[in-house]
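Chains as they are written, first to last, in the numbering used here: chain H, 1 to 223; chain A, 1 to 312; chain C, 1 to 494; chain F, 1 to 645.
Check the hints yourself; a few may be wrong.
Unchecked claim - With a Cα cut of at most 25 Å, we get these calculated DSS-like pairs of lysine-lysine:
hint: 1; chain 1: F; residue 1: 227; chain 2: F; residue 2: 578
hint: 2; chain 1: C; residue 1: 377; chain 2: C; residue 2: 460
hint: 3; chain 1: F; residue 1: 162; chain 2: F; residue 2: 594
hint: 4; chain 1: F; residue 1: 599; chain 2: F; residue 2: 614
hint: 5; chain 1: F; residue 1: 614; chain 2: C; residue 2: 377
hint: 6; chain 1: F; residue 1: 594; chain 2: F; residue 2: 566
hint: 7; chain 1: C; residue 1: 109; chain 2: C; residue 2: 460
hint: 8; chain 1: F; residue 1: 157; chain 2: F; residue 2: 594
hint: 9; chain 1: C; residue 1: 109; chain 2: C; residue 2: 377
hint: 10; chain 1: H; residue 1: 53; chain 2: C; residue 2: 192
hint: 11; chain 1: F; residue 1: 162; chain 2: C; residue 2: 377
hint: 12; chain 1: C; residue 1: 451; chain 2: F; residue 2: 594
hint: 13; chain 1: F; residue 1: 31; chain 2: F; residue 2: 467
hint: 14; chain 1: F; residue 1: 562; chain 2: A; residue 2: 285
hint: 15; chain 1: F; residue 1: 227; chain 2: F; residue 2: 157
By construction, these hints were calculated from the structure, which means they are not laboratory data.
None of these values were measured; they are calculated from a predicted model.
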Amino acid sequence: MMNPISIILIKVLFVFILGTAALIIMQKSLRSLFSIYAIQSLLMAFVSLVLFKETGSFVLLALAVLTVVTKVIIIPYMLNRVRKDSGIHHDAEFRYLTPVSAIIIGMALIFVIYSSFLRVFQLSQDNLFFLGSVIGVSLAMLGMLVIFSRKKIVTKAVGYLMMENGVLLFGVFIAELPFIIELFIIVDLVIFILLAAVLSMGIDSTEEDLTRKLNNLTKWFKQ
Amino acid sequence: MASFAVYFVLNTVFVLAVSPLFMGLIKIVKAQMQGRRGPPLLQIYFNLLKLFKKERVVSLNSSFITLISPYINIIFILAASLCVPLVFIPAANYGFGNVILFLYLMVMAKFFMALGGLDAGSSFGGMGSSREMTISAIFEPVVIIVVSALVFVLNTFNIHQMFATTLGSSVLTNATLFLTAAALFIILITETSRVPVDNPETHLELTMVHEAMILESSGPNLALMELSHAIKSTLLMALLINILVPWGLAASVTPLNLLIGMLTFLLKGSILAIFMAVFESVMAKSRLFGLRTFFILAFALAFVTIVFELLV
Amino acid sequence: MIFLAYLICGLLLLGIAAVVLKWRLKGETAAASKSSFLNNLTLAHAAAYLVITGLAIIRLPLPVLAFNNYLFMDPLAIYEVLIAEIIFFLAAVYGRGYIKNLLERRVIKVESLELFYGSFNLLMVIMVFTFFSNNLALFWILLELTTILSAVLIVTLSDRANVIAALKYVFIASTAMLFSVIGLILLFATAKQTSGIGTLNWTELMLIANSLPPSLFIFAFVFCFIGFASKSGIVPFHTWLPQAYAKAPSMVSAVFSAVLINGGIYGIIRLYSIAHQNSCWHTITVILIVFGVLSIAVAAFSMLPRTNLKKLIGFSSIEHMGLVLIGVGLGTAVTLFWTLFHILAHSLSKALLFFSAGILKNQYESSYLQDMAAAFKLQPLATWGVIIGALAVVGMPPFPIFFSKLFILVQLGNFSLPVLIVVLVLLLIVAAALAYLLINSLTQPGENTLKPYRIDWTMKLPIQVLFVAIIGITVYLAFGLSGILNTITASLGY
Amino acid sequence: MFLFAIGVGLCLLSALICVVNTRRDNSITRKAALWLTIAACLIFVSEGARTALNNQPLQYSFSQIAPQLQFSFSIDRLAAFFILVISIVALSVAIYSLRYIEASTSGIRRNLFVPLMNVFILSMLCFVASANSFAQLLFWELISLSSFILVMYHYEKEETRKAGIFYFIMTQMSTIFLMLGFILLYNATGSFTIASSPVLTAGTNTLVFIFLFCGFGIKAGIIPFHKWLPYAHSSSPSNISALMSGVMIKVAIYGLVRYVLFVLDPQLWWGILILIAGTISALLGVIYALKEHDIKRLLAYHSIENIGIILIGLGLYIIFDSYGLSDLAFLSLAASLFHTLNHAIFKSLLFLTAGSVVEETGTRDIEKMGGLVKTMPITASLFLIGALSISALPPFNGFVSELMIFQAFFQAFAIPSHYVIVLLVVCLSLFALTSALAAACFVKAFGVIFLAMPRSDTVQQAHEVPKSMLIGPALLAFLCVGLGIFSFQIFSWLGYQPPMPNLLWVSLSLFIFLGLTVILVRAASGHVTRRAETWACGMPTPDSHSEYTAAGFSEPILTFFKPIYKTDKVIERNFWDKYGAVFKSGRADIHVMKIFEEKLYIPVANAIRSISRKVSAAQNVDLDTFILYSFITVIILIIVAGWVL
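Starting from the given sequences, assemble the full structure and let the hints guide the process.
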């Protein structure tokens, strides 16, 4: 019922999204990290567009526009501001997993999720929906993996954003999902980022040097 | 009722009368064994009379316990004496004769004797009480097992009825009674504070138990203590005698029977007293903590009785 | 209508606050008057909410649906809202003296008062609407907003440790909540597949509950559960909780412990009551009981080495959420009845504990147990508050948790004896830990250097009210509460 | 039932009076409240006695409050008997407390004393009267709670803290076992009502028994679970110790009797289990008591001993019953219950008088007492009566119940199984040992506390206690004698003819002998009594240091039972180098191992502690790890949801 080209397109986009996820897991330079995130969000917007073309639901179009505006432009911009203010440009510390093992775990994860979903969705109506859900959940899990395997708060924030992307990816396949919900999710996301940024620098940023504070923060984190 | 009243008077008077006699007899035999002449047979009676007449000297530290404990001793021992018929068995026993009652009446006496020992605050008294209570506690299971063997064999827990049963049967039917009797003998030795458990003749702190407790007693108090001790010995002897060789014990209250009963008891008691004296002379005083073996022996004897009876 | 009343009430007061702060209490005005003004507003807000809810209970035939079925009011929602409002109100009363104390001790800054009270009021509004939201997605969003507001409330004390605690809270709760969205989407898809129209409304989901495909529903439930569990401090998503409770001001801790964590459980109860219509509920029972037991276990073992009173109380909340989860999971009308009662009892007891702990913390300027010397002499009321609260939480009669705990356990025994034994042993450890820590800390002899800290009557009043309330609800159970709880149970389709 | 309700009302009113007046330190309020309690107790005593005699059960049910939540009460003969036991002791304790509370403590804390005591007494009564197990559990917890707070009364003391923690944990443990038992019963029968339930399967029957036995056993202080008892009894105020030791642990016995007799289907091995547990408790209890020099702890260990004796009776009942020997079974049960009453009476008596002594001397260490018989003669006499009763000496009440147990034992030969007979004979001998050791222990206790010279200065300032502190115990002492002498008549009155001697005749003969002896001695002797110094082998005037001490007194017995005490000897040496400087010094240390504490309680506590540390350590990490936990959980959930469900 769907245009085969669209299906192939979406599948290709999925592959790219996973690729960006892998890059986010490995990337040490914060600047590139944010760029990759922007690219990933752009790919998400493309998925929405493709689906919009298929279903004609304007919700998806709005979603694509919203994604581009917030995730491709605003959020990376804000993140870069934080990066410049704090003076931290690299996050080279990994916990629990090295980049290579993280990728391997990630692959295993995708397979596990795939096989679990396969059993549950036995009589699924929609092949693409199934694929979307697998990729979405995997992306969410990979985002979580980023959160716990990277040291810096900003990187963790990117991990969280990636999780959010995964969830949205899952969501776009159900066109009827009320638009207001999606909007709320994105608003929530923006608030979250603001909060995380403010928190990670402390409330009273005028009094003390930001750099020292951020360094302290990692130390404080031990307890 | 009448029969019991007669028993009450007769048994009490008889036990009061003969108890010092056996004590004296034991003393004489022991002296003879040691190559001495020993006191006259009736010396104990004179001693008691003399003590009754003397003044009472009590410690400055002592309290009313010292005053009442001799009385408590004698009355409880006398009450216990009602449980053990020496001469004849009354028709009704009004609850006397219960073997546990018998034992615990004696424990009550012992309890107050031990308190009396502690009352003056002398270290001798304390030591005596401590040792006495220790021995009695350690020995209690033995006594109870022996008693339960008796109860088992004779199928009653009333001493009066036990005697009636043994009186009505020959020794052979109750062969296991000999085992019990041996155990009873050990009880007798222990409860009357004799060698190897205690040495009644000594005032040496290493060995004394019973004597240490009554060290502070004097005058009538001491007399009552001595008398109750003598009665206790007689009662336990009577228990052994009337279980093992009850013949002569009067079954009905006639003057002749009573006379025979008294005479046979005197005879049997004298033989047992002599035997005890001999036994005491050939034994050595044991360490306090060495008594375990002695007690275990009695325990084993009684236990074997029970097992024999169970299996047969 | 009624919902608008709630909303307008909140907006109106915020407006007044903004205006007055701008014109009258500008900068140089004393901190105390500003604080008391803001507190008055908050009190008024909470009181207004209580009145509205009271009116709603008396006047409205339940359930009420409004705003295109996005909001609704059914017995369970009213019940939870009432609990929340009572606690908020008491916390506001308590806060009057408490915030004054904090200001005096310069723990909180005058500038952050607006932020603090603003978030506090907003949290109240959002909490109320969380319970009133009929739509699962709306529910999710509001629940997520409470996380952010809580983080703000924690952070207003502007201590490093607070920032870290807030950060942990935000990260752990939000990441888990994202999985709930996946669950929601799955649920939506499942509903759509079943009835043709995708819906996330409780009311509509209840209608089609028995025709939902079990395996998909379980899947959706599990994902939703992850998020809701993290909001309720269910192990292993609980890790934010002890620290957040310890670092937040005590009036906020009380709200967290008595209201906020009910939010997640509320969602689980709703979802479970849908599952209950479905054939899959036995499976879900197992999941819930496993997590319940796990929560109790971890909480029990974590309590023993605690040295911080507020953390200790936090772990006790985790334990109780575990128990509530078991109660929900057993899925009979009786257990639901007692679980709901348990939620009420737990909220009151926890509020009591945190209010008392707050006084003790102000007295000793520390919430470490080993510092609390001569507590009976210095702060008798707070000490008794902690003791009574602890006894109530352990489940001693005549405190209400005794009943709910016992009857939940009775049903658990029916479910599985070994699990019951495990739970009982764990509860024993909880009781032992509480007794051990409290006895050792509160009976310490004190030096004479410490002087009793003067406590405002507004801080004492809530504690006294809670004393009465805790005993009162046991009595009230016989005179009406029982009927209310039965209505709620029936309304959930048991 | 109406009068009972009035009694309950009076108790609550009395509690209320004090609660309302908490802020003021007013002795009149407390006195008034206590008088109300006394009145209530009198009602309970008379009503309990009446119901026990009439043998007509009283019943009352409240309407159902919530699902499963209903209160109902039923007082049958057994319950009435226990109500009688509780209220008699409560009565004398209340009388005793009139002055004790005022004398012993100060401050407004006293105001909490009366209400808590009332709640304590009431909850015990209600536990006994409850007709459903749910209500029993509730009152059980109330008993625990009120007594726990009372134990913590002197909370400033280090030992009280330890006792409180120990007590709280143990009572919670007992509640948990009871809960298990009750829940099992509920799930098997579908109701909380305490009634015989034929539908129980053998497995449930056994499990319920084990749970209930452990639950009630902990509260009763059966040996492996006994450790709380000496701590809690010794550190609580003495009137509370009297209540706890006198009646609280009996409430546990009531529970056990109730369930074993009326609900479950007893098996032979239960009887054997109870018998062995009872024998061990009795023996070890008294052996531990012998080494104690803390008067209240000594009494507490004797409570363990006596609970053991009560259990022996109960165990014998089950054993005989399962062989169909109903006469013997009844004798054992009667003995067990009678001993329950007796122990309640004499142990409260002992605790109350010990309380007076502790109050006057300011110490619980008997090694520091001595000579009190001269300054406190009435207290001493009352204590002596208690000591004689607990040592099971005729004609006091303790003797009668032990006599009955002995007689039951003696008839063990009626049992067909030889193994059981041998077991019974072994238990019998140990039981005899127990009773003799108890006598030894009380010779020590009475001798060292009251007799001879004072061992420390504080003791010399002791005075006789006020009247109410004598009347309370005197009431109990009177019962000790009365219940002993008239035991046969009392049993006949209740319609049971026990095969035991009529102690009235024994007492009569004792009386006759006493009269005769006194007359004869008076007649013979010169009535001269001279006071002189104690003879000390010619040494200078003996002072209190040369007295025999409590430690010295019990030393021989301790030596006999060395293997049980597990004395731990640590001997280290000093080595001297050639200049005389120490280069290794050491110490010699002998201490009696607290075997249960060191081998059972502490290892368990340590195991829990180490798990706790690990669990805590796992949570004492940073955010990354927390997220990792969530991550792993989510993966597991996905796998489980996908593959398992």
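Has the given pair, residue 53 of chain H with residue 192 of chain C, been kept, meaning a C-alpha gap of at most 25 Å?
-> 22 Å, holds
If you draw a straight line from the CA of residue 377 of chain C to the CA of residue 460 of chain C, is it 25 Å or shorter?
-> Distance ~16 Å between residue 377 of chain C and residue 460 of chain C Cα, so the pair holds.
Given pair status - residue 594 of chain F, residue 162 of chain F, alpha carbons within 25 Å = With a Cα-Cα distance of about 15 Å, the restraint between residue 162 of chain F and residue 594 of chain F holds, given a limit of 25 Å.
Starting from residue 594 of chain F, check that the Cα of residue 566 of chain F is at most 25 Å away, please.
-> Given that 25 Å is the threshold and the Cα spacing comes to 8 Å, the pair holds.
Is it true that the CA of residue 614 of chain F sits at most 25 Å from the CA of residue 377 of chain C?
-> Outside the cut-off at roughly 36 Å; violated.
Mind checking the alpha carbons of residue 599 of chain F and residue 614 of chain F for me, to see if they're no more than 25 Å apart?
-> 23 Å, holds
Taken at face value, is the distance from the CA of residue 377 of chain C to the CA of residue 162 of chain F at most 25 Å?
-> The given pair, whose Cα atoms are some 21 Å apart, holds under the 25 Å limit.
25 Å Cα cutoff - pair residue 227 of chain F, residue 157 of chain F | Roughly 19 Å separates the two Cα atoms, so the pair holds.
Is it true that the CA of residue 109 of chain C sits at most 25 Å from the CA of residue 460 of chain C?
-> 24 Å, holds
Is the straight-line distance between the alpha-carbon of residue 562 of chain F and that of residue 285 of chain A 25 Å or less?
-> 23 Å, holds
Given the hint that residue 451 of chain C pairs with residue 594 of chain F, does the C-alpha gap stay at or below 25 Å?
-> 42 Å, violated
Are the Cα atoms of residue 157 of chain F and residue 594 of chain F separated by 25 Å or less?
-> Satisfied, since the Cα-Cα distance of roughly 21 Å is no more than 25 Å.
Violated hints, in rising order: 1, 5, 9 and 12; the structure is consistent with all others.
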